[in-house]
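First to last, the sequence lines map onto chains A and B.
Residues 5 to 159 (my numbering) make up the first sequence, in order.
Residues 565 to 1225 (my numbering) make up the second sequence, in order.
No wet-lab data here; the hints were simulated from the structure.
Please read all numbers here as calculations on a predicted model, not as lab measurements.
Don't take each hint at face value.
Stated by the list, open to error - Partial pick of chain B residues on the chain A-facing surface, computed with a CB cut under 8 Å:
| no. | residue |
| --- | --- |
| 1 | P807 |
| 2 | S948 |
| 3 | V1142 |
Unchecked claim - Straight-line alpha carbon distances no greater than 30 Å define the calculated DSS-like cross-link-like pairs of lysine-lysine that follow:
| no. | chain 1 | residue 1 | chain 2 | residue 2 |
| --- | --- | --- | --- | --- |
| 4 | B | K831 | A | K146 |
| 5 | A | K135 | A | K153 |
| 6 | A | K85 | B | K901 |
| 7 | B | K946 | A | K135 |
| 8 | B | K831 | B | K901 |
| 9 | B | K901 | A | K154 |
| 10 | A | K79 | B | K1169 |
| 11 | A | K86 | B | K831 |
| 12 | B | K831 | A | K79 |
All C-beta atoms in this analysis are idealised placements derived from N, C-alpha and C, irrespective of residue type, glycine included.
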Amino acid sequence: MRRWLFAFLAAAAFSAATPALAVQPDEILTDPALEARARAISAGLRCLVCQNQSIDDSDAPLARDLRILVRDRLKAGDSDKKIIDFVVARYGEFVLLKPRFEPHTMLLWLATPIVGLAAIAMVVLAARRRKSEANQAVPLSKSEQQKLKKLLDRA
Amino acid sequence: MIAETGHYALILALGVAILQTVLPLWGTRTRDPELMAIAVPAAQMQFLLIALAFGALMTAYITSDFSLATVWQNSAAAKPLLYKISGVWGNHEGSMVLWVLILALFGAAVATFGSNLPPELRANVLAVQGSIGVAFLLFIVMTSNPFLRLDPAPLDGNGLNPVLQDPALAFHPPFLYTGYVGFSMAFSFAVAALIDGRIDAAWARWVRPWTLLAWMCLTIGIAMGSWWAYYELGWGGFWFWDPVENASFMPWLAGTALLHSALVMEKRDALKVWTLLLAIITFSLSLMGTFLVRSGVLTSVHAFAVDPARGAFILGIMGLFIGGALTLFTWRAPLLKQGGIFAPISREGALVLNNLLLTTACAAVFVGTLYPLLLESLTGEKISVGAPFFNLTFAPLIVPLIIVLPFGPMLAWKRGDALGAAQRLTAAAAVALIIAVAILAATKRGPWLAPFGIGLGVWLIIGALTEIATRVRVFEVGPAEVWRRLRNLPRSAFGTLLAHGGLGMCVIGIVATTAWREERILALKPGEAADIAGYHLTFDGVAPRQGPNYRERVGLFSVTRSGAAVASLEPSKREFTVERNSTTEAAIHVSWRGDLYVVVGDALKEGAYSVRIYFNPLVRLIWLGAVVMFMGGAVSLSDRRLRVGAPRRAGSRAMPAKAAA
């Protein structure tokens, strides 16, 4: 949400134009199928001058340039993957809102499953330990036995 | 003079907080009841002093005393009163004062209402709470003095960031902070129990209401932020997986898990060690949220000032408290005796599963938020982790949680009857499935999973109702008996109903608006019209207008539906004069089907304007659901069993309780 401020700053810094709202009417492709693909691709690409905002939501001029670039490539008949590869080649992996699975992002992707599995293991181990503890009931000592006998006799 | 009094009060509060930390701890070591009892007036005094400082700061804002640096930076004479008040916490210094004010308020509440707590526990709790106060008061006094004077005093201030000048956002920080800081109670109780080496059901009975209160406020605080983003950002999104949002969402997830595990501890004396750990984790996440937002690590509207000294200071506080608490935990937790055994299929088992999924989901958010920061600081490599990552990792954990959720309350403690619960829930499952299939048949278009998402929400709501219905035996006894049983049900049962039902409403709202929102992006000239979701909107042109501290250009739209006039909508674009900044104000027509959302943008060629129209089906359910969850918490909090103090265990160590009090 707070990217709005940043968007303003970016807009102010990058051009004298007043900020506009994300996708503009003149950008939209006439072919709805192609436009839908453009929107889907845009939602996964980061606006590089914004705070964690996709180019689909951003009103920064750079985001507009990228949106138009994506649409131009679509019109030229490129596949989604080819377009994304092209943008990554040009702007680096930082542009992807969903990082690729690579050595330096391996931990990012695997951390959650690892935590989940570790948590399951912990629960299972704790349950086992408790069960075995419960089974190993400590026998009563002599004095305790006498006490018990006394109580039972009284009843 | 008022400002100096405030500054002085803040420094005095620091001194009192130091006494509140040291003396009671010394007292519990030496078994000196008088020293332990000092905690009570100290906590109350600390609160009064901080309240005085806060009052002084607020006075400066209301009277527009621009000789104070923060007032000059964040306020302006022409600003409406509400935003002068909210301006107090709309900046770094003021928001930290609010932080410690709420911290001290919780401490004072325990001091005042905690006369039935074991005196040692109370002394330790207040000492720990005091130590958090020491750290943050020191932080304010040393790096973020809100009472800094300017000489000569400027004539007018710089004003508040226009996007923050909004009623929902005015109250977003107090709620959020009450949530964040409220978890300090659970933390202090946890650390006190570790210091003491003892913990019992009474502990959980004390911690639960405080945690519940914090959780309620956090829920509303997050919902307010989301609601604000929805109408203020101009395109109707409600959640962005933004790092700052995540910073508040993580304590919420952990806090939700804590509420449930504390329940097991209170009722069954089990999961003690885990509950303690969770209490520490939850507040640690709150501290981390404060660090992320306040240190300037993240650039955002929230990071008011970027000052490396402040970041390092909060990082130090964080390290000290989290590290200290975890060290204490590893050292002392093995001393705690484990209680109650239970079968895997039981209420306890279900709550363990709840905790498992919630904490793993929390871990997913944690990793996604911190990984890019860490990677960049370690290797310099920059990556982005955005919504697609979170949707992919978070959703697979939450969906199973929702599926099993209605089973939990149906299972008995110790050993539950899964088959019986399944039988009782058959109707709920059937209704959910029928609704899902009906939607699938009616929409006849993707996304194919969405109807089942709606089904999940319905499943939650009807499942929660089934639980109450089963408990009052709706289908077995007459209406008079049902009524009698309903009245005899503990309020917490209704709290559960509302909290789980509210979650169901959220799920339905999120799924519906994500899957079926409609959008028109157009260049409209005056007189032209557009159609969306059965509405017909005519653009009647634009008009200039003057507000209290802004000028705006209003777009005029008349809306009809099947020929009948429905509404006239006036979205605008505001130019704030003092702040030299602009905001886009959406106009929203609310109906039970959903929101019609209109935004007007810039003038284009040939007299046309860029116009965006959205229809967001059932989107209100998201925030309505949060409000219902809040109410669930409130109803549960009003339960008599929570208000009555836990019975003291007979034969516990003889303490001259009255003398201590």
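Against the structure, the hints:
With a least beta-carbon distance of about 7 Å to chain A, the hint placing P807/B at the interface is held under the 8 Å criterion. With 8 Å as the threshold, the beta carbon of S948/B comes within range of chain A, its nearest partner Cβ sitting at about 5 Å, so the hint holds. With its C-beta approaching chain A no nearer than about 15 Å, V1142/B sits outside the 8 Å limit, and its interface hint is violated. A hinted pair counts as satisfied when its Cα atoms are at most 30 Å apart, and K831/B with K146/A does not qualify at roughly 34 Å.
With a CA separation close to 28 Å, the supplied pair K135/A and K153/A stays within the 30 Å bound. The hinted pair formed by K85/A and K901/B fails the criterion: a straight-line CA distance of about 57 Å is larger than 30 Å. Note on K946/B and K135/A: the hinted pairing is violated, with a Cα-Cα distance of about 48 Å set against a maximum of 30 Å. Between K831/B and K901/B the CA atoms are separated by roughly 16 Å; this keeps the pair inside 30 Å, and the hint holds.
Pair hint K901/B plus K154/A holds up; C-alpha atoms about 29 Å apart against a cutoff of 30 Å. Only pairs whose Cα atoms come within 30 Å are accepted, and K79/A paired with K1169/B is accepted, the gap being roughly 25 Å. Between K86/A and K831/B the alpha-carbon distance is near 58 Å, which puts this suggested pair outside the 30 Å criterion. Simply put, K831/B and K79/A have alpha-carbon atoms about 64 Å apart, too far for the 30 Å limit, and the pair is violated.
Hint compliance for this structure: hints 3, 4, 6, 7, 11 and 12 are broken, all remaining hints hold.
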